[in-house]
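Top to bottom, those sequences are chains A and B. All letters in the first sequence, in the order written, are residues 1 to 71 by this note's numbering. All letters in the second sequence, in the order written, are residues 1 to 519 by this note's numbering.
There could be a bad hint or two in this list.
Simulated pairs of lysine-lysine, DSS-like, Cα-Cα distance not exceeding 30 Å [as the list claims (entries may be wrong)]:
1) 16(A) x 428(B)
2) 127(B) x 5(A)
3) 54(B) x 124(B)
4) 428(B) x 46(B)
5) 40(A) x 504(B)
6) 5(A) x 53(B)
Please keep in mind that the hints were generated in silico from the structure rather than gathered at the bench.
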Amino acid sequence: METVKNIFRFYVEGFKNMTWGKNLWLIIFIKVFIMFAILKLFFFSDFLGSQFENDSQKSDYVLEQLTTPNK
Amino acid sequence: MEQFDFTLIDWSRAQFALTALYHWLFVPLTLGITFIIAIMETIYVKTGNPEWKKITKFWMTLFGINFAIGVATGIILEFEFGTNWSNYSWFVGDIFGAPLAIEGIMAFFMESTFIAIMFFGWNKVSKGFHLTATWLTAIGSNLSALWILVANGWMQHPVGMTFNPDTARMEMMNFWEVLFNPNAINKFLHTIYSSYIVAAVFVVGISAWYLLKNREIALAKKSILVASLFGLIFSILTVGTGDESAREMANSQPMKFAAMEGLYYGTDHAPLIAAGVLKDDPIPENKDKKDFFFEIEIPSALSYMAFLDGDAFVPGIHDLVHGNEEQGIMSYYNKIERGKIAKQALTDFKIAKKENNQLAIEKLSAKFNDKEFLDNYFAYFGYSYFEDPHDIIPSVPFSFYSFHIMVMLGGHFLILFTVLLIFLYKEKLHQMRWLLWLTLWTMPLAYVASESGWIIAEMGRQPWVIQDLMPTMTAVSNIDSNSVIITFALFFITFTALLIAEIKIMLKQIHIGPNDGGH
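Isolated chain A (complex conformation):
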C-alpha cells in the first residue's frame, strides 16, 4: 500500500513541479479530446460493427464483398 502511495505521490509532485511541460499536457489533452470526443465519435464509427450484429453477419458481408464487389 505504501508503495502505491509513493508512486501516486511521485506522479503528483512531478506534475506539480512542471514548468514548460504543462503547456505540452494541455496540447495532449486538446489533441486527445479532438481525436476521441469529436473524430472517433462523429466520423469514425466501426463500419462493420455499426451495420451488423454478430461476426457471422460480418463474415457473410465481407465474403459478398470479396466475391461480388459492388461499390
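Please build the complex by placing chain B on the supplied structure of chain A, with the hints as guidance.
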C-alpha cells in the same frame, strides 16, 4: 474494374497517406533520440561530470516536446482501418490482432512508466535507476515499433496464415513465422536504424546552429561527437539492412523492385542506376522508347544486389507482365486466370453456404486446405480483380524517385557524419561555417529521406494492400466518399496545427537553450 468507386478509393488512400506521413514526422525522432539521450546519460553516470547531465536534460526536453505532440497520432490510423478499410480489417483481423495488441500494451505500460521516471525522477530515484528507466524508454519505444512493422511486413509478404472461407478471414497458423518473416525483420531493422540517423541529424543540426551562434559550445561539440558517431554507425548498418531489404524485395515483390529501378526489360548482368532522370512512364511493350533522359549505371550491380550474383537475370516490368518462359517467370495474364479460378471457388462456397448445401461446403472447405490449390490458385487470388495486367504496375516515377532520393540522402548523411567527426577531431569544426550551415540545412533532408523510404515501401507495392491477395480497391468500406473528404480536411488542419505547434515550441526551447533545468 468499373464496379469500383475510385473517388472513394483515392480519397481513402490519400487520407491514410496524409495521416501516416504526418505520424511519421514524429516517430523517427522518438525512436532515435531516446538512445542518444541514454548514451549521454550513461556518460554522465560513468563520469559524474554535471555538464553531461545538463546535455542529457536539454535533449530530453526536446524529446519530450516531440513525444507530447506526436503521441497518439498513430491511433488515427487505427480509426481509419475500422471505418474506411473495413473489408481489409476483417480480412486480416486475426493476423493483426496479436501484434497490435502487444504494441498497444507495450507502448502504454513501458513508455508511460519509464518516461515518467525520466522526466520526474531526477533527484528522486538513484542515478542507476534513472539511467535504467531512460534505456528502457528507448528500448520500449523501439519494441513498440517492432509490432506495427511486423504487421506491415506481413502485408508485403504474407506468411504463417491460412484463409478460412467460412469467416472470410486470414487466420494465423504460426505466430513465429509471422514474427520472423524476413520482410518484417528487414523492415524493422531498416526502419529503426534509419530513424536513428534522423535523430542524429536532428542533434548535429541543432548543435551546428549553436556553434554558428557562438553559444553552448561545450554542449554542441559533445552532442556532435555522440550523435555523429551514433549516426555514422547506423548509417553503415542502414546500408546493410537496405541491401537485405532489396534482396527480399527482389524475391517476394519483383514488380516493386523493377519499378524502383525503372527496369522495363529484364536482363542478366543488370546494371544499377546510381542516378538518372526518367524520360516518361513508357508502357512495357514499347521496346524502342527510351526510359531515361540520362542515367549513371553501375554494371552488374543490380543483379548482385538482387541475387548476390553479378551474372543473375533480374526480371523487368515486361517480363513480369508477359512472363518469361526461359527464366521460369509466370505472366500476370496467367496469374489473373488462376486468381479467377480461386475466386470462383470462393463464390461457389458462398452460394453453398447460402443454400446450406453441406456437401458442397465440405468439398469446397477441403479445397481451401489443399496445398496444391493454395499454392497454384489461391496464391494469386488478388489478381482475379484485374482484367488488364497493366493495372497491376505501380507508378514507376514515384517508385524510382522516392527510392533514389532516399539512397542519395543516405549517402549524404554518412559522409556528413564522417566529415563532422574529422573536423571535430582536428578541433576545426567551429571555424568550418559552410559545414555548420550544411549540417543545419540537412535537418529537413533527414525527414525527406525517411518519408521517401515509406513512399517506396507503400507506393511501390501498389495495387496491393496485401501482396498478391488483396488489392487496395477491394479493401475499402462501402461508405460515402464525401465523409472521407471531410475527415481528410479535418486531419489536414489538425495535423498541420500540431506540426506548427511542435516547431514553434521546439524553436522556443532551442533559443532558450539548456540552462533552464525544468521540465
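Do the hints match the structure? See the list:
1. At roughly 44 Å between alpha-carbon atoms, residue 16(A) and residue 428(B) are farther apart than 30 Å, so this suggested pair is violated.
2. Note on residue 127(B) and residue 5(A): the hinted pairing holds, with a Cα-Cα distance of about 22 Å set against a maximum of 30 Å.
3. The hinted pair formed by residue 54(B) and residue 124(B) meets the criterion: a straight-line CA distance of about 17 Å does not exceed 30 Å.
4. For the hint pairing residue 428(B) with residue 46(B), the CA-to-CA distance comes to about 28 Å; that is within 30 Å, so the pair holds.
5. Among the hinted pairs, residue 40(A) with residue 504(B) is consistent with the structure: their alpha-carbon atoms are about 28 Å apart, no more than 30 Å.
6. Distance hint between residue 5(A) and residue 53(B) is fulfilled; the C-alpha atoms sit about 29 Å from each other, no more than 30 Å.
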